[in-house]
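Visitor: In case you want the letters, here they are:
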Amino acid sequence: METAPQFFRHGPGPLARLVFFALLSLLLMAIDTRFKYLPEIRQTIAVAIYPLQRLAHLPTTIFDQVSGLFVSRNLVDEIAYLRQQHLADQGQLQLLLALEAENAQLRNLLEAGQRAESKTTMAEILYIPHDPFSRKAILDKGSQAGIQPGQVVVDDVGVVGQITRVYPWLSEVTLITDKDHSVPVQLVRSGLRSMVSGTGEDGTLELRYLAANADIQDGDLLVTSGIDGIYPPGLPVALVSKIESNAAYAFARITCTPAAGVNRNRQVLILSPLPPVPERPVEPIETKPEDKKRGKVGIR
Amino acid sequence: MAFVNSSQQEVLAHVRSRFIVLSLTAALLLNLLPLQGVALLLRPDFVALVVLYWSINQPQRVGMSMAFIMGLLMDVGDASIFGQHALAYSVMAFVALLLHRRLRIFSLRKQVPQVGLLLLSAQLVMLLTGLLANANLPGWDFLLASASGALLWPLLPALVKIPQRRKPDSDAL
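From first to last, the protein sequence lines are chains A and B.
Here the first sequence is numbered in my numbering, starting from 1 and rising by one per residue.
Here the second sequence is numbered in my numbering, starting from 301 and rising by one per residue.
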């Protein structure tokens, strides 16, 4: 297809350029998805567009500050409410401290490992990318604030997601509703352990591969089980909202609603990483066949 | 070169590169605005729109290379697969480059459906790459961004052409 007279053209023709750019971007995509080997280029671009990301957030910040000037009448009510809440929370906290001490003592007696304490960093959601293929959010804290990939993000109600990519001043959190994201959970009522996976749609999670006769009901609360060494145990994740068990299938279709969400509030907490899980014990190398068998059974 | 300029319907001042870069930066800024819910669904891809505008009206200046670079920036900004936007914008710029003479014959309003199709081509490329990367098929509202972008098209040249028209006047005086 001729687009311009020959003497106006400089360089290769449009089709050649298209092929070049298409191959280049396909190559980049392949490297990015299969080998995860492009952090430097991404980091450079991220630093370059960081001022724009901040600037885009500026109207929100200004709006917050300006509207803060006008809500002073509600402040009295709010302070009264918060005082009451604080008092109630204090009471709960006293109880919690006592329980914590008791728990530590009991764990000592049982010689069980101590529960890890986690510190938190507060961060604000800068924006939610308009990408229909993944569920992510951009936070305003990055590696300069000590954020690392793998840290867990929560809000005041439950788990929001996990940090998957870190830039100097920003980080990307993959929400639990992302299709490729799973959280190990436990049913509070029955203690059943499973994995809850995102579906790629907002506000829907899925419990896969649970037997049709599993002990599960509508409204059951799922909390993190903590056996993965990434999510601290006991954080609310989702509520079971719909159970379809069909005798034709081996597994029930269980839909859940996430407890937390990025649409409700803009502030989230980033939990510090848990201490590393102890190494798996090394399988003893035995020469006798019967000993080898026994050793394997002992470990698994 | 003078022949090319005089053959155009409207004599425009030489577009400064600085201005092209500025408009692309502004589009990127608009794409990064913190929106939620319906506003996020309806938000057109401003970068695609501005890249399209320049590759139709200034094909010698803004072409596939610029589209590719803007795509890489959007990939990082949108946290998508590295190269997804880049491929989509390059394909869109290529089609725009093929059709730019034909498109310029039409009035702005008649350009709307064609621009809608061009924006759609970019979204379809994104859809294909997304599906290849194992994503779910998004809902039909994914395509609303193309429609809103096409509807914005008649307003865009008015904004972009303001600094270009002023220049010949100041030269005449």
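These are computed hints drawn from the structure, not numbers from a lab.
Glycine included, every Cβ here is placed at the ideal spot set by N, Cα and C.
Treat the hints with care, since some could be wrong.
Computed footprint of chain A on chain B; a stretch qualifies when at least three of its residues, placed anywhere within it, have a C-beta under 8 Å from a C-beta of chain A [claimed, not checked]:
no., region
1, 328-340
2, 402-414
3, 431-437
4, 448-459
Visitor: If a hint holds in the structure, say so; if it does not, say that too.
Guide: Status of each hint after checking the structure:
1. Using a Cβ-Cβ cut-off of 8 Å, 11 residues of the region 328-340 of chain B lie near chain A, which meets the minimum of three, so the contact claim holds.
2. Coverage of the region 402-414 of chain B by chain A is violated. Counting CB-CB distances below 8 Å, 0 residues qualify, and the rule asks for three or more.
3. A count of 4 residues in the region 431-437 of chain B with a Cβ less than 8 Å from any Cβ of chain A is obtained; the coverage claim is therefore met, three being the minimum.
4. Note: the region 448-459 of chain B has 0 residues with beta-carbon separation from chain A under 8 Å; the three-residue rule is not met and the coverage is violated.
Checked against the numbered hints above, the structure breaks hints 2 and 4 and satisfies the rest.
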